[in-house]
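For the protein sequence lines, the chains are B and V, in the order given.
If you're matching positions, the first sequence starts at 1 in the numbering used here and goes up one per residue.
If you're matching positions, the second sequence starts at 268 in the numbering used here and goes up one per residue.
Read the hints as simulated data drawn from the structure, not as lab findings.
Incorrect hints may appear among the rest.
In silico DSSO-like cross-links for lysine-lysine, where the CA-CA straight-line distance does not exceed 27 Å [what the hints assert, rightly or not]:
hint, chain 1, residue 1, chain 2, residue 2
1, B, 141, V, 401
2, V, 272, B, 141
3, V, 632, V, 655
4, V, 655, V, 328
5, V, 475, V, 294
6, B, 149, B, 172
7, B, 86, B, 97
8, B, 141, V, 475
9, V, 475, V, 270
10, B, 149, V, 328
11, B, 194, B, 14
12, B, 149, V, 270
13, B, 172, V, 484
14, V, 475, V, 327
15, V, 655, V, 401
16, B, 149, B, 125
17, V, 328, V, 364
18, V, 270, B, 172
19, V, 401, V, 272
20, V, 328, V, 585
21, B, 172, V, 327
22, V, 585, V, 475
The residues making up each chain are set out below.
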Amino acid sequence: MNNIVAANKIETNKISQIFADKKAFIAFLTAGDPSLAKTEEFILAMDAAGADLIEIGIPFSDPIAEGPVIEAANERALSASTTTDKIFAMVARIREKSTIPLVFLTYMNPIFVYGTERFFSACEKAGINGVIIPDLPFEEKGEVREAAKSHGLDVITLIAPTSQDRIQMLAKEATGFIYLVSSMGVTGVRSEIKTDLAAIIADIRQVTQTPVAVGFGIATPEQATTISQLADGVIVGSAIVRIIAEHGAAATAPLSDYVHMMKAALV
Amino acid sequence: MSKGKYGIHGGQYTPETLMNAIIEVEKAYEHYKNDPAFQAELTELLNDYAGRPSRLYYAKKMTADLGGAKIYLKREDLNHTGSHKINNVLGQALLAKKMGKTRLIAETGAGQHGVATATAAALMGFECEIFMGKEDTDRQALNVFRMELLGAKVHVVTSGTMTLKDAVNETFREWTTRVDDTHYVLGSVMGPHPFPEMVRDFQSVISKEARAQILEKEGRLPSAVIACVGGGSNAIGAFYNFIPDAEVRLIGCEAAGKGVDTALHAATIAKGSLGIFHGMKSYFCQDEYGQIAPVYSISAGLDYPGIGPEHAHLHDTKRAEYVPITDDEAVAAFEYLSRTEGIIPAIESAHAIAHAMVLAPTMRKDEIIIVNVSGRGDKDVAAIARYKGENIYE
Ligand SMILES: Cc1ncc(COP(=O)(O)O)c(C=O)c1O
Numbered sequence: 001m002n003n004i005v006a007a008n009k010i011e012t013n014k015i016s017q018i019f020a021d022k023k024a025f026i027a028f029l030t031a032g033d034p035s036l037a038k039t040e041e042f043i044l045a046m047d048a049a050g051a052d053l054i055e056i057g058i059p060f061s062d063p064i065a066e067g068p069v070i071e072a073a074n075e076r077a078l079s080a081s082t083t084t085d086k087i088f089a090m091v092a093r094i095r096e097k098s099t100i101p102l103v104f105l106t107y108m109n110p111i112f113v114y115g116t117e118r119f120f121s122a123c124e125k126a127g128i129n130g131v132i133i134p135d136l137p138f139e140e141k142g143e144v145r146e147a148a149k150s151h152g153l154d155v156i157t158l159i160a161p162t163s164q165d166r167i168q169m170l171a172k173e174a175t176g177f178i179y180l181v182s183s184m185g186v187t188g189v190r191s192e193i194k195t196d197l198a199a200i201i202a203d204i205r206q207v208t209q210t211p212v213a214v215g216f217g218i219a220t221p222e223q224a225t226t227i228s229q230l231a232d233g234v235i236v237g238s239a240i241v242r243i244i245a246e247h248g249a250a251a252t253a254p255l256s257d258y259v260h261m262m263k264a265a266l267v
Numbered sequence: 268m269s270k271g272k273y274g275i276h277g278g279q280y281t282p283e284t285l286m287n288a289i290i291e292v293e294k295a296y297e298h299y300k301n302d303p304a305f306q307a308e309l310t311e312l313l314n315d316y317a318g319r320p321s322r323l324y325y326a327k328k329m330t331a332d333l334g335g336a337k338i339y340l341k342r343e344d345l346n347h348t349g350s351h352k353i354n355n356v357l358g359q360a361l362l363a364k365k366m367g368k369t370r371l372i373a374e375t376g377a378g379q380h381g382v383a384t385a386t387a388a389a390l391m392g393f394e395c396e397i398f399m400g401k402e403d404t405d406r407q408a409l410n411v412f413r414m415e416l417l418g419a420k421v422h423v424v425t426s427g428t429m430t431l432k433d434a435v436n437e438t439f440r441e442w443t444t445r446v447d448d449t450h451y452v453l454g455s456v457m458g459p460h461p462f463p464e465m466v467r468d469f470q471s472v473i474s475k476e477a478r479a480q481i482l483e484k485e486g487r488l489p490s491a492v493i494a495c496v497g498g499g500s501n502a503i504g505a506f507y508n509f510i511p512d513a514e515v516r517l518i519g520c521e522a523a524g525k526g527v528d529t530a531l532h533a534a535t536i537a538k539g540s541l542g543i544f545h546g547m548k549s550y551f552c553q554d555e556y557g558q559i560a561p562v563y564s565i566s567a568g569l570d571y572p573g574i575g576p577e578h579a580h581l582h583d584t585k586r587a588e589y590v591p592i593t594d595d596e597a598v599a600a601f602e603y604l605s606r607t608e609g610i611i612p613a614i615e616s617a618h619a620i621a622h623a624m625v626l627a628p629t630m631r632k633d634e635i636i637i638v639n640v641s642g643r644g645d646k647d648v649a650a651i652a653r654y655k656g657e658n659i660y661e
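Here chain V stands alone, though its shape is the one from the complex:
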């Protein structure tokens, strides 16, 4: 029987060679998620090592400048290693330890998930190998050095489009060669069951905290929660505990690259169609024959042709909305938040900031928006400089 369904989406479309490994993860996760000792150990790691809970910061200057809804920033950028990715990685690494695994492998796009995995591997004594597309090792060179510094081996993936999707392909291939001692730390709410559910559970700490924090600060719920969407892990983490609160709009921002009317985007909900790929049924950017489309975004972390199955379902049921944000809009938001609040966001997170800048002025002053700042922008500074430089010569 098909497992891990979100409406029509999800499932376990994975080669037979990996089925027992995936079932092993599924069983281990089913056991440990209800184990108080495991949860206590994870909470201790999240708090003392990763620096949780992350702050919910009232962006006063941004709010005044935009002149509408009150804007709060959920500061996942302040986590150890600089993004939300560590929430999931600590959970999976701890699980892998309990399963007796000695080696972690992972894909990475922007490098944030790779850095987080390499970090957890160093902390808990795992061997670690990271797969990263050549396109991304070029645009995020510093993160490659960072992973190596942490003791990981980085494989440069030169197949296909040489970005995140190809890194995922290569990590799956690697896993099929060695399942006994190896756990694949998938970096987003995608892939075959149980990954979308497990990663969502580990990331849902974001909305668990944010909901309590906003109730404490404001005594009421926000009108909207906004997050960027690549595979969708920071977004589902930011949405999850607000899903039952029907009055809270949940808005995911996907990468529109050069624009959804060009071929250069990664806007899965706006432009994709139903498919079955990377272990799941969901929406994908693809052609009429089911060939996965080469996608594009300035942001390596959003440069992915699919979206997690739970988001696909939230879209189908209209519980969440998904909007495309272009490179230009994201870069403008990147600069805006840096100047206005002294916070340099990851270029991924800047996609969410960009939408808040559009939405806030249309809302009442007594309404609240929470924007998830999924990561910090240090890794992007050089690429943004190049982007600006190129514009000068255009």
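Isolated chain B, as found in the complex:
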């Protein structure tokens, strides 16, 4: 146990610090939906409203882990000619105004085709702190491990309700935070979360102190309260993307209100 705590101390970085003395609220949105200028404005507004970390989705033509809401956001962003290079430029602009930890969420192909080393180098330069890659399981992590490490980015570990005997193997390597997937299936708002999250978190706690944030399906303050009693953080994606889909360029105020409300619900 001592070794683990020591190991984690060394790894302590910008991302894990957001969990140090409070429960964290993590907001996801897709870059370029409806435009990169708006994405920049939305991120700064959510930061001001109390979000602790922003996950920025780099849109992909075939987001196989996403449900219809985020898939549609990917399509809107790509139709607006959003590219990885333009997203890096937007992140650099945000970094002039905000120190909030930023994590990219994207699929392996956009990273690999951009050039894995080139991608992580650009992330470091722009001020990105970590990446989440839904189609990169533990077994294939070698694809990015070195590049991420040499540029100081965390590759966020995902743990699913089906991970079972894999949980401890996955958790041992985790840095930044652990993304615990609340439910089976793809992203999307859910009325009920049935997974025994407490049991999974207990398994994780046996091998690491890396904070655990729960995502997939969370939309309401009630859900956020319940989840934050168990976990170190709450991740909201589809509910935010839905607000953007509904209000488009005028989403700044409703997003700000929503983040305020969700942040206040954390216990």
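Given the structure of chain B, go ahead and fit chain V with the ligand onto it with the hints provided.
The following block gives chain V with the ligand in isolation, referenced to the frame of chain B:
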């Protein structure tokens, strides 16, 4: 550690939610592939139910007409359900049964894999749901009815380009919602390990038979084996047992649609680049940012932006060659084989026939070509008629 590698290709690039399901398939397959009882049961199904072994037919009129190499047709079109897809489906359905699964899901392009899966589900008592792009349910409407007739539920996929790749996306999404009782019967030699290897093993019966058949008929090996390539399952099945025979050229025919110099093609080897998608590292049609390109082919079964990892490796090592065949060439071959031999091939298979028509006249009369006729063309007759009709007004 990364598994299922073919040179630099392959692997298991799949969401964590599916990893245990995939490992379960991998373990089950490792066990049953060496189980004589499983293999005996599968052989019985292939023979008595699907009608194997399929014939190796000497196309005498085509040979005489083209005036070069002797052409043999491997008649996968004569299998039950009309294509090679049944070879893989019976294998996976039997495996799913052994794994205690009660529900099969699958993607389909042309509808042949969906029909084969629905058929196996009816035979073995599985619930069955098929995902098919809207573009394809329109151009292969008859196969939709056929699947429903067999008791399957068909989901029309309206996301993305509404073709095979989107049907694959949607089937993966469905699998992540329900892994306990469900097996995903992937239809080609693609996806995460163990699918490329398992599907290849189930399809390799094609070349196992063809090699023995040609040795019996001619006492020697062919100079070339030709097959069409979508994901690559009929081609790898036709190639596999000839790979050690260095003197046998292995030629895959990919869909060039309106031409490889247009945006409307699905020629992955000719125009694609290295990427990681649908669970595998391989070649894909994509842009400089790794966005998967919308692809096009007259043939729904070849209308796929990637290629199986073992083909990518056979290309890298130059053991196999891949050539692009346009819609026009395929349609001409479709009509040619129908008139010349009285065999209406699937429009997918017509891509292989088209290349044989080019190659045979350049070869000696004592050389042999085996063309894999991966499926029959009944499903395509209406679409070809429309294609011809449109040409009249052009
Ligand atoms: C008759 C036929 N041939 C070929 C294919 C292409 O698949 P593969 O490349 O896996 O053989 C299909 C797919 O639908 C098909 O129906």
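Going through the hints against the structure:
{"no.": "1", "hint": "141(B) to 401(V)", "result": "35 Å, violated"}
{"no.": "2", "hint": "272(V) to 141(B)", "result": "15 Å, holds"}
{"no.": "3", "hint": "632(V) to 655(V)", "result": "34 Å, violated"}
{"no.": "4", "hint": "655(V) to 328(V)", "result": "25 Å, holds"}
{"no.": "5", "hint": "475(V) to 294(V)", "result": "25 Å, holds"}
{"no.": "6", "hint": "149(B) to 172(B)", "result": "16 Å, holds"}
{"no.": "7", "hint": "86(B) to 97(B)", "result": "18 Å, holds"}
{"no.": "8", "hint": "141(B) to 475(V)", "result": "37 Å, violated"}
{"no.": "9", "hint": "475(V) to 270(V)", "result": "26 Å, holds"}
{"no.": "10", "hint": "149(B) to 328(V)", "result": "64 Å, violated"}
{"no.": "11", "hint": "194(B) to 14(B)", "result": "32 Å, violated"}
{"no.": "12", "hint": "149(B) to 270(V)", "result": "23 Å, holds"}
{"no.": "13", "hint": "172(B) to 484(V)", "result": "60 Å, violated"}
{"no.": "14", "hint": "475(V) to 327(V)", "result": "23 Å, holds"}
{"no.": "15", "hint": "655(V) to 401(V)", "result": "22 Å, holds"}
{"no.": "16", "hint": "149(B) to 125(B)", "result": "14 Å, holds"}
{"no.": "17", "hint": "328(V) to 364(V)", "result": "45 Å, violated"}
{"no.": "18", "hint": "270(V) to 172(B)", "result": "21 Å, holds"}
{"no.": "19", "hint": "401(V) to 272(V)", "result": "33 Å, violated"}
{"no.": "20", "hint": "328(V) to 585(V)", "result": "32 Å, violated"}
{"no.": "21", "hint": "172(B) to 327(V)", "result": "65 Å, violated"}
{"no.": "22", "hint": "585(V) to 475(V)", "result": "22 Å, holds"}
Checked against the numbered hints above, the structure breaks hints 1, 3, 8, 10, 11, 13, 17, 19, 20 and 21 and satisfies the rest.
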